[in-house]
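Peer 1: Residues per chain are reported as follows:
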Amino acid sequence: MKTILQAALAIGLVASPATAAELTVLTAGDQNMVDYINDYLGPLFEKENPGNTVRVVGTGPGDAGSQKITERFKAQADAGSQKWDTDVAVVHEKFAGPMVTAGYLEAYRPKIDTGKMVTRANADMALGSNVSGYVMPMFNSQTAIAYNPAMVPNPPKSYDELVAWAKEHPKQFGYNGIKGGASGVSFVMGWIYAYGEGDAKKLMNGPFDEAETKKWDKAFAGLKEFTANATLTPGNAGTLDMLSRGEIAMGPVWVDMFYSWQADGRLPPELKLVLPAPGMPGQPMHYVIPAKSPNEALAEKFVALATSPQVQAEGIVKKFNWYPGIDAEFVKPKLDEATWNKLFVDISPEDLAKYGKPFPIAPYNNAILEAYERQTAN
Amino acid sequence: MSKRLLGLLLVLPALAVIVLLFIVPLAASVVGAFEVEGGFGTGNFIKSFELYRADTVFTVLIVSLSTLLIGLFSIAIGGYLTLGENPRAVAILRWLYRWPMFIPFIVVGQILRTFLAKNGLMNNLLIGAGVITPMQATAFLDWRGIVIAFVWKQVPFVALLVAGAMASIDRGTIEAARNLGASRLRILIEIVVPQVATTLLVGLILSFVTMMSVLSVPLMINAQSPTMLTADIAFRINAYGDYGVANALGLISLVITSGVAWIYLRHTMKERA
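Those sequence lines, one after another, are chains A and B.
Under my numbering, read the first sequence as residues 1 to 378, first letter to last.
Under my numbering, read the second sequence as residues 1 to 273, first letter to last.
Please note that the accuracy of each hint is not assured.
Heads up, simulated BS3-like pairs for lysine-lysine below, C-alpha to C-alpha not over 27 Å straight-line [said to hold, decoys possible]:
no.	chain 1	residue 1	chain 2	residue 2
1	B	Lys118	A	Lys224
2	B	Lys47	A	Lys68
3	A	Lys224	A	Lys202
4	A	Lys202	A	Lys157
5	A	Lys292	A	Lys318
6	A	Lys332	A	Lys319
7	A	Lys301	A	Lys332
8	A	Lys272	B	Lys118
9	B	Lys47	A	Lys214
10	B	Lys47	A	Lys218
11	B	Lys118	A	Lys171
12	B	Lys118	A	Lys167
13	B	Lys47	A	Lys215
14	A	Lys224	B	Lys47
15	A	Lys319	A	Lys47
16	A	Lys354	A	Lys202
17	A	Lys354	A	Lys272
These are computed hints drawn from the structure, not numbers from a lab.
Please model the entire structure based on the sequences and the hints provided.
Peer 2: Here it is in structure tokens:
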């Protein structure tokens with residue numbers, strides 16, 4: 001038995017030369033995130049760095065996925081491990097701040113070339129926490145209202161118009177509440193930005209002030225009335241399903257999911273998007289590298305490749321319909337006009353700049369969700 | 001080495017697994033339910049009560065209704081398998097009824113999500129057959145969808161147990177009743193079911209506990225409000241990272257399932273006494 005073990009160990013050592021490494025990438029989010037790395041980014045990286053392999057682990061959709069990554073880092077930090085089992089992770093914006101504060105991450109942005117191409121403010125401040133240097137945005141995503149022009153000839157340009165429309169057309173507006181994915185959450189956050197009696201800017205930029213959370217009662221009472229007259233859908237995909245079957249005429253969706261489904265023929269081509277005033281939230285997904293990554297240099301190379309203009313153009317914009325993570329001016333020259341414009345068919349860059357909002361900072365975010373449970377869902 | 005010590009050693013691995021993987025997490029979860037900021041208290045339960053009272057009642061009602069329906073359907077299936085007179089129909093039913101047992105809950109959720117939708121397969125079939133008009137079509141993706149999913153998935157399991165028990169009861173009792181002119185329905189209700197009551201109860205209790213723990217079906221069919229406790233537990237952890245209230249909700253469902261187990265234990269004790 002002992003000899004067999006020794007032999008196995010020896011073979012293992014010989015078979016893995018010191019230069020070849022396996023890069024472990026954890027990613028939160030839907031299956032499309034895993035597909036993106038498995039089908040596109042991973043093979044590209046392996047081609048450019050022969051001998052190395054990329055292993056991707058999907059941790060699940062929504063905040064739950066990022067929560068799992070955070071817990072994994074915490075467990076390894078608490079155990080005092082010197083080498084962690086993760087080289088690169090892709091996490092939601094909400095979790096970047098806590099990870100930086102807890103000291104789990106490496107400040108790698110200044111070390112890679114593409115670091116300078118990041119210009120959006122949300123790469124420095126993630127929901128009220130300073131994460132400058134620690135994160136590279138993989139992409140920016142946005143929620144909007146999808147509608148069926150046959151049933152809604154004049155789409156609502158603001159929350160007020162939307163409410164008026166929904167009142168005239170009972171059960172024709174559908175959203176997925178707050179427990180079935182972030183498109184519903186985003187609609188609720190937009191509702192509070194529009195109807196909360198506090199200052200929406202304070203919700204987005206902080207600081208947290210308990211008194212602010214008392215200013216939403218009227219907004220939630222209105223939302224309760226609105227919800228009674230709306231259809232509740234099972235999840236982000238559920239809203240899109242019901243739109244495509246014509247069961248609802250309007251509902252909040254993720255822009256990238258909407259375009260991808262349309263490209264796959266899972267949504268009728270007639271459906272369109274509108275971003276109502278005063279705006280709905282969107283969020284980036286961030287690449288982070290843990291401070292104790294076993295293959296630090298390789299991990300940096302991986303993120304540099306992932307955020308290079310070529311990959312951002314080819315993979316992020318063209319293949320997956322996300323808005324780029326680095327400054328658009330670097331990405332646009334790599335794409336033909338038609339592909340670039342596809343991103344802005346329904347929502348113009350001006351509307352996006354005006355009405356594309358961040359989510360509220362984490363404590364307000366949680367307070368709004370819990371207030372929804374208390375006042376609207378109960 | 002004495003025989004006794006050896007026996008103890010042999011039991012040790014199994015015992016360790018139970019202690020480490022079951023007792024310790026359970027204890028941690030119970031303790032966690034009472035942990036609040038800066039000490040222990042009932043804060044988590046107060047919050048659970050404030051926010052999820054309706055969901056708790058909803059969960060109990062849904063699962064109880066499903067259990068009742070599962071009982072009725074499995075008696076019907078088991079009864080036909082035992083008392084049916086058309087051998088071909090019995091053979092077909094015997095072959096068919098077990099299939100749903102091998103389909104995971106999440107797949108059941110996935111199937112029913114498109115089947116039961118307002119413009120889904122079921123309504124399209126009914127409209128196509130002229131049974132209902134398009135205006136009458138409604139979605140079943142609410143509490144009814146959950147009940148349908150649970151019943152569809154759990155009936156085969158209970159029916160399997162019940163049919164087995166029915167097959168092993170003394171045929172003489174059935175023949176005697178038939179000789180005296182009892183109808184098949186009467187034989188089923190008065191002769192067969194009382195003899196398999198214990199098996200039926202065990203099957204139903206196991207189903208009840210299983211259904212209490214299913215997350216995928218409520219998430220896929222009805223993540224609205226009210227929803228089932230499992231969806232709330234997942235939401236507390238995923239959205240807030242709040243294990244306190246999640247543990248409290250877990251403990252509440254544990255109390256509900258223990259209640260059912262207690263009824264069962266009391267019942268069997270009485271029978272033996």
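Peer 1: For every hint, state whether the structure bears it out.
Peer 2: Taking the hints in turn, this is what the structure says about them:
1. Lys118(B) with Lys224(A): holds (23 Å)
2. Lys47(B) with Lys68(A): holds (24 Å)
3. Lys224(A) with Lys202(A): holds (24 Å)
4. Lys202(A) with Lys157(A): holds (24 Å)
5. Lys292(A) with Lys318(A): Roughly 34 Å between the alpha carbons, so the hint for Lys292(A) and Lys318(A) is violated.
6. Lys332(A) with Lys319(A): Measuring from Cα to Cα gives roughly 15 Å; hence the hint holds.
7. Lys301(A) with Lys332(A): Within the cut-off at roughly 23 Å; holds.
8. Lys272(A) with Lys118(B): holds (22 Å)
9. Lys47(B) with Lys214(A): holds (18 Å)
10. Lys47(B) with Lys218(A): holds (22 Å)
11. Lys118(B) with Lys171(A): holds (12 Å)
12. Lys118(B) with Lys167(A): The hint holds at about 21 Å.
13. Lys47(B) with Lys215(A): holds (21 Å)
14. Lys224(A) with Lys47(B): holds (20 Å)
15. Lys319(A) with Lys47(A): holds (19 Å)
16. Lys354(A) with Lys202(A): The given pair, whose Cα atoms are some 17 Å apart, holds under the 27 Å limit.
17. Lys354(A) with Lys272(A): Given pair Lys354(A), Lys272(A) holds - Cα atoms ~19 Å apart, limit 27 Å.
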